[in-house]
Amino acid sequence: MTMKLPIYLDYSATCPVDPRVAAKMAEQLTMEGNFGNPASRSHLFGWKAEEAVEEARRHVAELFNADPREIVWTSGATESDNLAIKGAAHFYQGKGKHIITSKIEHKAVLDTCRQLEREGFEVTYLNPRADGIVYPEQVEEALREDTILVSLMHVNNEIGVVNDIAAIGEILRAKKIIFHVDAAQSAGKLPIDLQELKVDLMSFSAHKVYGPKGIGALYVRRKPRVRLEAQMHGGGHERGMRSGTLPTHQIVGMGEAFRIAKEEMAAESERLLALRNRFWDQVKDMEEVHINGSVEQRVAGNLNVSFAFVEGESLIMSLRDLAISSGSACTSASLEPSYVLRALGVNDELAHSSLRFSFGRFTSEQDVDTAAAEVRKAVEKLRELSPLWDMYKDGIDLNTIEWAAH
Amino acid sequence: MAYSDKVIDHYEHPRNVGRLDDKSENVGTGMVGAPACGDVMRLQIQVDENGVIEDAKFKTYGCGSAIASSSLLTEWVKGKTLDEAEQIKNTAIAEELALPPVKIHCSVLAEDAIKAAVRNIREKRGQVADAGDAKEEAAG
Numbered sequence: 001m002t003m004k005l006p007i008y009l010d011y012s013a014t015c016p017v018d019p020r021v022a023a024k025m026a027e028q029l030t031m032e033g034n035f036g037n038p039a040s041r042s043h044l045f046g047w048k049a050e051e052a053v054e055e056a057r058r059h060v061a062e063l064f065n066a067d068p069r070e071i072v073w074t075s076g077a078t079e080s081d082n083l084a085i086k087g088a089a090h091f092y093q094g095k096g097k098h099i100i101t102s103k104i105e106h107k108a109v110l111d112t113c114r115q116l117e118r119e120g121f122e123v124t125y126l127n128p129r130a131d132g133i134v135y136p137e138q139v140e141e142a143l144r145e146d147t148i149l150v151s152l153m154h155v156n157n158e159i160g161v162v163n164d165i166a167a168i169g170e171i172l173r174a175k176k177i178i179f180h181v182d183a184a185q186s187a188g189k190l191p192i193d194l195q196e197l198k199v200d201l202m203s204f205s206a207h208k209v210y211g212p213k214g215i216g217a218l219y220v221r222r223k224p225r226v227r228l229e230a231q232m233h234g235g236g237h238e239r240g241m242r243s244g245t246l247p248t249h250q251i252v253g254m255g256e257a258f259r260i261a262k263e264e265m266a267a268e269s270e271r272l273l274a275l276r277n278r279f280w281d282q283v284k285d286m287e288e289v290h291i292n293g294s295v296e297q298r299v300a301g302n303l304n305v306s307f308a309f310v311e312g313e314s315l316i317m318s319l320r321d322l323a324i325s326s327g328s329a330c331t332s333a334s335l336e337p338s339y340v341l342r343a344l345g346v347n348d349e350l351a352h353s354s355l356r357f358s359f360g361r362f363t364s365e366q367d368v369d370t371a372a373a374e375v376r377k378a379v380e381k382l383r384e385l386s387p388l389w390d391m392y393k394d395g396i397d398l399n400t401i402e403w404a405a406h
Numbered sequence: 407m408a409y410s411d412k413v414i415d416h417y418e419h420p421r422n423v424g425r426l427d428d429k430s431e432n433v434g435t436g437m438v439g440a441p442a443c444g445d446v447m448r449l450q451i452q453v454d455e456n457g458v459i460e461d462a463k464f465k466t467y468g469c470g471s472a473i474a475s476s477s478l479l480t481e482w483v484k485g486k487t488l489d490e491a492e493q494i495k496n497t498a499i500a501e502e503l504a505l506p507p508v509k510i511h512c513s514v515l516a517e518d519a520i521k522a523a524v525r526n527i528r529e530k531r532g533q534v535a536d537a538g539d540a541k542e543e544a545a546g
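Sequences listed follow chains A and B, in order.
First residue of the first sequence: 1, per the numbering used here; consecutive thereafter.
First residue of the second sequence: 407, per the numbering used here; consecutive thereafter.
Next up, chain A with everything else stripped away, as it sits in the complex (with noise of 0.2 Å):
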């Protein structure tokens, strides 16, 4: 079999739509197939659109043991983090003004504590252990009197590391703080019961989980009952508190992805779990090679490491056939390396020299070889051409050199 190349090994940015995700997507869009619009009432377009979307309602719902009237369609896990935690603290803010968050959030929840933080809010960022992980008494520590807010993210995009929502849940519920989980990387990767969490705002996407870009929801508690003020004002979709058309293709593809990752999420993470195993056991003995995050509490699909003396935006250009990220943001013309590595106290120069590799649903073993493979090769290259390589050989300790920084 010859191999497709570039390999794919960034799933945590987001999947290929699964075929059989495809295939019913397909279904809701022409003359033939089931267009109407899911709110028109009187006539049968609408109804059976309608009953597509609560359908796909009742796969997302079932995925997190939710009720089907918990779960609000969305444009993604952006928009669902904006609504999550601007529409709780806009709601509840004559309780208190002051929010918790950790350091390594996705943006979209960090940007949008600083609009918070604009309009008035307190925001306490939480710095994580050195594996990455938010622990529950540090959460405990952080809350005060005015708290109203807890917004910790599940699993973390770029180290995949896992933190224990459901210990933190206790220790807010008992306090009658709003909690709110970023579960993006979570969702379809590991098991969520929101019958037995104490979360009340949970936010989806749909490409994380091999569904189509473009659609997510948020899941908002019935029980005890978590209220929002909108983000977005128009004809009262969703129990008014996102207003817009549904789109019925979206929102189907999420659901059937859903549906299927609920059948499959068990067995997937057992294949994903060896595929990982087996790259690294490829790559481990090298001298220097560093796992970032926590190894035992990580998420099964994602590889976080530091190749020590080789930086990462070269590397990523030696591995042209593989498809990967870089812990360092050089691409995007910042030079900084990535704040999430740098709040777990990895130095920035291995920080530089970090990638993650993410593996998926169609991944296969020979891919796995094959990316190790051209991994060693060139790391091998390029510590031939570092000079920091050089002086690691020659016993040099690099952090008693007065670099001019520039």
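What the hints contain is simulated information worked out from the structure, not anything from laboratory work.
Nothing false has been slipped in among the hints.
Dumping the calculated DSS-like pairs for lysine-lysine here, alpha-carbon to alpha-carbon at most 25 Å:
| no. | chain 1 | residue 1 | chain 2 | residue 2 |
| --- | --- | --- | --- | --- |
| 1 | A | K198 | A | K176 |
| 2 | A | K393 | B | K429 |
| 3 | A | K377 | B | K412 |
| 4 | A | K393 | B | K463 |
| 5 | A | K213 | A | K48 |
| 6 | A | K381 | B | K463 |
| 7 | A | K262 | A | K198 |
| 8 | A | K381 | B | K412 |
| 9 | B | K463 | B | K530 |
| 10 | A | K393 | A | K381 |
| 11 | A | K175 | A | K86 |
| 12 | B | K463 | B | K412 |
| 13 | B | K463 | A | K377 |
| 14 | A | K198 | A | K97 |
| 15 | B | K521 | B | K429 |
Nothing here was measured: the structure is a model prediction, and the numbers come from that model.
Starting from the structure of chain A, add chain B where the hints point.
Just chain B now, with coordinates in the frame of chain A:
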């Protein structure tokens, strides 16, 4: 990011990779940049008694543009006098490699590297009054 063909060529086939004996009286070493900033260049020149650069070697930790800038520089300085080498401007390197604006700093670093290497050999030969700064001593 789209790299120019010249950057890719230098990156894939870097010229004059290696190291010269920095203890030698005839070798000047320039080490510039910082690991935390994502690039470090070490440029070494071997200079004859007439002040002509006979050989040049480099090693660079950094992005493709940084590697290409230093590789190109080693080609350019060979056969030049120290005075001529010192005149090489980052803009010429950036132009030759068609570096995009976000990568101009790579060419600046290359210019700094050759200036530092020239200064180092001149110090060794007692051709400058000032003693070298601590950074290059440590880096050499």
